[in-house]
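Taken in sequence, the protein lines are chains A, B and C.
UniProt numbering applies: residue 1 is where the first sequence begins, and numbers increase by one.
UniProt numbering applies: residue 1 is where the second sequence begins, and numbers increase by one.
UniProt numbering applies: residue 1 is where the third sequence begins, and numbers increase by one.
For the record, the hints were derived by calculation from the structure and aren't laboratory data.
Careful: at least some of the hints might be erroneous.
Estimated spans, in silico, between C-beta atoms of each pair [as the list claims (entries may be wrong)]:
#1 B:V8 / C:W66: 30 to 38 Å
#2 B:P92 / C:D87: 14 to 22 Å
#3 A:T183 / C:L7: 53 to 61 Å
#4 A:D198 / C:L170: 33 to 41 Å
#5 C:A196 / A:G120: 46 to 54 Å
Reference excerpt, derived from the structure (chain C facing chain A, CB under 7 Å, subset only) [as the list claims (entries may be wrong)]:
#6 V54
#7 G56
#8 N90
#9 P92
#10 G120
#11 A146
#12 A154
#13 V194
#14 A196
#15 L197
#16 D198
#17 P200
#18 R201
The beta carbon of each residue, even a glycine, is placed where N, CA and C say it ideally should be.
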Amino acid sequence: MSPTLQLVLDLVGTFVFALNGALTAVRTARLDIVGVVTLGMITALGGGILRDLVIGAVPPATFDDWRYLAVATAGGLIAFALPRGLDRLNLPINLLDAAGLSLFAVTGASKALDFGLGAGQAIILGAVTGVGGGTVRDVLIGRIPAVLHSGLYAIPALIGAAVTVAASRLDMYGLAAAAVAATACFAVRLLGIVFALDAPRPPQSRPSG
Amino acid sequence: MSPTLQLVLDLVGTFVFALNGALTAVRTARLDIVGVVTLGMITALGGGILRDLVIGAVPPATFDDWRYLAVATAGGLIAFALPRGLDRLNLPINLLDAAGLSLFAVTGASKALDFGLGAGQAIILGAVTGVGGGTVRDVLIGRIPAVLHSGLYAIPALIGAAVTVAASRLDMYGLAAAAVAATACFAVRLLGIVFALDAPRPPQSRPSG
Amino acid sequence: MSPTLQLVLDLVGTFVFALNGALTAVRTARLDIVGVVTLGMITALGGGILRDLVIGAVPPATFDDWRYLAVATAGGLIAFALPRGLDRLNLPINLLDAAGLSLFAVTGASKALDFGLGAGQAIILGAVTGVGGGTVRDVLIGRIPAVLHSGLYAIPALIGAAVTVAASRLDMYGLAAAAVAATACFAVRLLGIVFALDAPRPPQSRPSG
Numbered sequence: 001m002s003p004t005l006q007l008v009l010d011l012v013g014t015f016v017f018a019l020n021g022a023l024t025a026v027r028t029a030r031l032d033i034v035g036v037v038t039l040g041m042i043t044a045l046g047g048g049i050l051r052d053l054v055i056g057a058v059p060p061a062t063f064d065d066w067r068y069l070a071v072a073t074a075g076g077l078i079a080f081a082l083p084r085g086l087d088r089l090n091l092p093i094n095l096l097d098a099a100g101l102s103l104f105a106v107t108g109a110s111k112a113l114d115f116g117l118g119a120g121q122a123i124i125l126g127a128v129t130g131v132g133g134g135t136v137r138d139v140l141i142g143r144i145p146a147v148l149h150s151g152l153y154a155i156p157a158l159i160g161a162a163v164t165v166a167a168s169r170l171d172m173y174g175l176a177a178a179a180v181a182a183t184a185c186f187a188v189r190l191l192g193i194v195f196a197l198d199a200p201r202p203p204q205s206r207p208s209g
Numbered sequence: 001m002s003p004t005l006q007l008v009l010d011l012v013g014t015f016v017f018a019l020n021g022a023l024t025a026v027r028t029a030r031l032d033i034v035g036v037v038t039l040g041m042i043t044a045l046g047g048g049i050l051r052d053l054v055i056g057a058v059p060p061a062t063f064d065d066w067r068y069l070a071v072a073t074a075g076g077l078i079a080f081a082l083p084r085g086l087d088r089l090n091l092p093i094n095l096l097d098a099a100g101l102s103l104f105a106v107t108g109a110s111k112a113l114d115f116g117l118g119a120g121q122a123i124i125l126g127a128v129t130g131v132g133g134g135t136v137r138d139v140l141i142g143r144i145p146a147v148l149h150s151g152l153y154a155i156p157a158l159i160g161a162a163v164t165v166a167a168s169r170l171d172m173y174g175l176a177a178a179a180v181a182a183t184a185c186f187a188v189r190l191l192g193i194v195f196a197l198d199a200p201r202p203p204q205s206r207p208s209g
Numbered sequence: 001m002s003p004t005l006q007l008v009l010d011l012v013g014t015f016v017f018a019l020n021g022a023l024t025a026v027r028t029a030r031l032d033i034v035g036v037v038t039l040g041m042i043t044a045l046g047g048g049i050l051r052d053l054v055i056g057a058v059p060p061a062t063f064d065d066w067r068y069l070a071v072a073t074a075g076g077l078i079a080f081a082l083p084r085g086l087d088r089l090n091l092p093i094n095l096l097d098a099a100g101l102s103l104f105a106v107t108g109a110s111k112a113l114d115f116g117l118g119a120g121q122a123i124i125l126g127a128v129t130g131v132g133g134g135t136v137r138d139v140l141i142g143r144i145p146a147v148l149h150s151g152l153y154a155i156p157a158l159i160g161a162a163v164t165v166a167a168s169r170l171d172m173y174g175l176a177a178a179a180v181a182a183t184a185c186f187a188v189r190l191l192g193i194v195f196a197l198d199a200p201r202p203p204q205s206r207p208s209g
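This is chain A alone, in the form it adopts within the complex (with noise of 0.2 Å):
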C-alpha cells in the first residue's frame, strides 16, 4: 500500500472515530467541550496507543504524530458544536465507524506482528486497536462498554484480525490480503448492525433459562 493511500485511511478512520466517539459521549453524559474533545480523542486514539504500549512502541504512533491529535481534536470539535446536526448523518456515520473499525484491526494486527508478537496475541491486539478507544471512553462516562454485551464489534475486528494474520503466516500479506480482511471485518460488522444481531450469551441470561 503506498505511504500517502495509508495515511489518508488511517487519518479518516481517526476523525470517524472521534466523531463518533464523541457523539456518543454528547448524547449518554452532561459534558464540557473538555469532556467531549477528550473523550472523541481517547475514542479515536486510544486503541492505539493501548497497543504501543503492551507492544513496547513508546511514545505510541498515533500520539506522536501531531496529524492524528489534529484530525481527533477536529472531529471532538465539530461534535460538540454540532451534536443535532450531526443525527441526520447516523447512517453515513455509523458505515465510516464500522470503515474506521476494519482499518484499525487490520493495521493493528499487522503492527503486532512487525513487532515480533505472536498468531493470537496479533489477533487479540488488532482487536484491541479498533476497540480499545471506545471501551476507555465507554467507562470514563459511567457505561459497561457495549463491546461487552450488545452487537457485533469485536466479533468483526477479530476476524479481521485473524484473516490478516493468516496472510502474513502464508507470505501473502500485502495491499491485496488487507482489503481481504478489512472487507471480511466491514462485512460482518454491516450484517450485524443491518439485522441487529448480538454476540451469545450465557445460558442462565436466556428467560427460558
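Go by the hints and put chains B and C onto chain A.
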C-alpha cells in the same frame, strides 16, 4: 523452584483467576460471550500486565506466552458455558482463588525485585499482580472494585509480597521462602473468608461515629 | 531551579494531591483503609505514572522514588484518620491543590519536552500529569470524572503547560518562566473556584437549546 513446577502453578492460578473473574462478571452484569471471556482474561492476566508495563517488561510476559492466553481463555469459556453448574463449587473455587492470589503476590514481588525496583515498590507491585486484574474487571462492569471497600484481599497480598521482599533482602529467597510467603498470604486470606473480616473503615462511616 | 527546591515543591504537591484525593474518595464512596490510601496514592502519583508510561520513562519516576510513595501514603493515611477534622480546612486544601496542579502541569510538560515530544504532545501530557490521577480515582469510585464535566481544571493545566512549551520553544525556559507558567495556571484555577466557572457545554444541553 523447578521451572516446570513454577509454570504449572502459574497456569493453575491463571485458570482459576479467569474462571472466578468471569463468573463474577456473569453474575453482576448482562454480558455476551465476548464480554465474559474478555473479563475472565483481564482478571487472570491484568495484574501481571500492569506490573510489567510499570517495570518496562514489554510485551508483558503472560500476554506474550500463548499458554497463559489459552488457559485464561479456557477459564472464561467454561464460566460462560456453565455458570450455574459452577455455583456448587464456590468453596473449592474460593480456595483456589486464594492460592492464586498468594502465588501471584509472591512471584509479582519477586519479579519486581529482579527488575531492580526497591522494597516498597516490589511489595506494591506484588499486591498489584494479585489484585490488579480483578480491579480492572470490576471497573469494566461498573462496580467499585471490591478490593477498595470490603473483605481482606489486598492486605494478605501485601503480607505475602512483604515476606518475599524480606527474604530476598536477607539473601534467603528460594523455594522455602516463597512457600512461607505464599502460605502467609493464603492463611490471612482464609481467615478473612472464614470470619468475614473487613479492613478498618474511616471513622465517619461508623454508625456511632 | 535548585534540585532541592524542585524536590520540596514536588513532595508538597504530592502530599496535598494524596490528601485531597483521599478525602474526595472518603466522602463519595464507602471504602476501607486500603481503598482510601490506594485512592490517595493514585490521585497523587497517577498522572505522572500515565505520562511516564506514554513517554517510555519506566519505571515511572515518582513510583521509583520512595520519598514520593511515602509522602503520598502519609497524605492518604491522614485523610483516613481525620476526614471530618479536615472539613474545616477546605479553603487551604483547595489552594494547595491548585498549587499542586500548577506545579504538575509545568513539570509534566517540561519532562515531555525533555523526552523529545512535540509541542502539542507536551501540552497534553502536562495536563495529564495534573489531572490524570484524579481522573483514575473518579473512575475507581464510580463517578464520571469531574474534569470532564464541571469546573475549570483541565483548562488552567493546559494553559500552564502551553506557557511552559512556548517558553521552551523561545529558549527562555528556566525558573522565571516556570514561575510565570505555574502562576498562569494557578490564577485561572483560582478564578474558576471563586466564580464557580464551568467550561462551555454543548448546545443541546442548554435549557433554551
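Now for the hints, and whether the structure bears them out:
1. One distance hint, 30 to 38 Å for the beta-carbon pair B:V8 and C:W66, holds here, with the actual separation near 35 Å.
2. At about 47 Å, the CB distance of B:P92 to C:D87 disagrees with the hint of 14 to 22 Å.
3. Taken as a hint, the range 53 to 61 Å holds for the pair A:T183 and C:L7, whose Cβ atoms sit roughly 56 Å apart.
4. The hinted range of 33 to 41 Å is not satisfied by A:D198 and C:L170, whose Cβ atoms lie roughly 56 Å apart.
5. At about 52 Å, the CB distance of C:A196 to A:G120 agrees with the hint of 46 to 54 Å.
6. A distance limit of 7 Å between C-beta atoms decides the matter here; for C:V54 the minimum to chain A is near 6 Å, and the interface restraint holds.
7. A hinted interface residue such as C:G56 counts as satisfied when its beta carbon comes closer than 7 Å to some beta carbon of chain A; here the least separation is about 4 Å, so the hint holds.
8. Violation of the interface hint for C:N90 is found here, the shortest Cβ-Cβ separation to chain A being roughly 23 Å, above the 7 Å cut-off.
9. A distance limit of 7 Å between C-beta atoms decides the matter here; for C:P92 the minimum to chain A is near 26 Å, and the interface restraint is violated.
10. Look at C:G120: its Cβ gets to within about 5 Å of chain A, closer than 7 Å, so that hint holds up.
11. Hint on C:A146 is violated. Least Cβ distance to chain A is approximately 10 Å, over the 7 Å limit.
12. A least Cβ separation of about 5 Å between C:A154 and chain A falls short of the 7 Å threshold, and the interface hint therefore holds.
13. The closest approach between the C-beta of C:V194 and any C-beta of chain A is roughly 18 Å, which is over the 7 Å cut-off, so the hint fails.
14. Look at C:A196: its Cβ only gets to about 13 Å from chain A, farther than 7 Å, so that hint breaks.
15. This hint is violated: C:L197 has a C-beta 10 Å from the nearest C-beta of chain A, more than the 7 Å allowed.
16. This hint holds: C:D198 has a C-beta 6 Å from the nearest C-beta of chain A, less than the 7 Å allowed.
17. Proximity of C:P200 to chain A holds as hinted, the smallest CB-CB distance being about 5 Å (cut-off 7 Å).
18. A distance limit of 7 Å between C-beta atoms decides the matter here; for C:R201 the minimum to chain A is near 5 Å, and the interface restraint holds.
When each numbered hint is compared with the structure, violations occur for hints 2, 4, 8, 9, 11, 13, 14 and 15.
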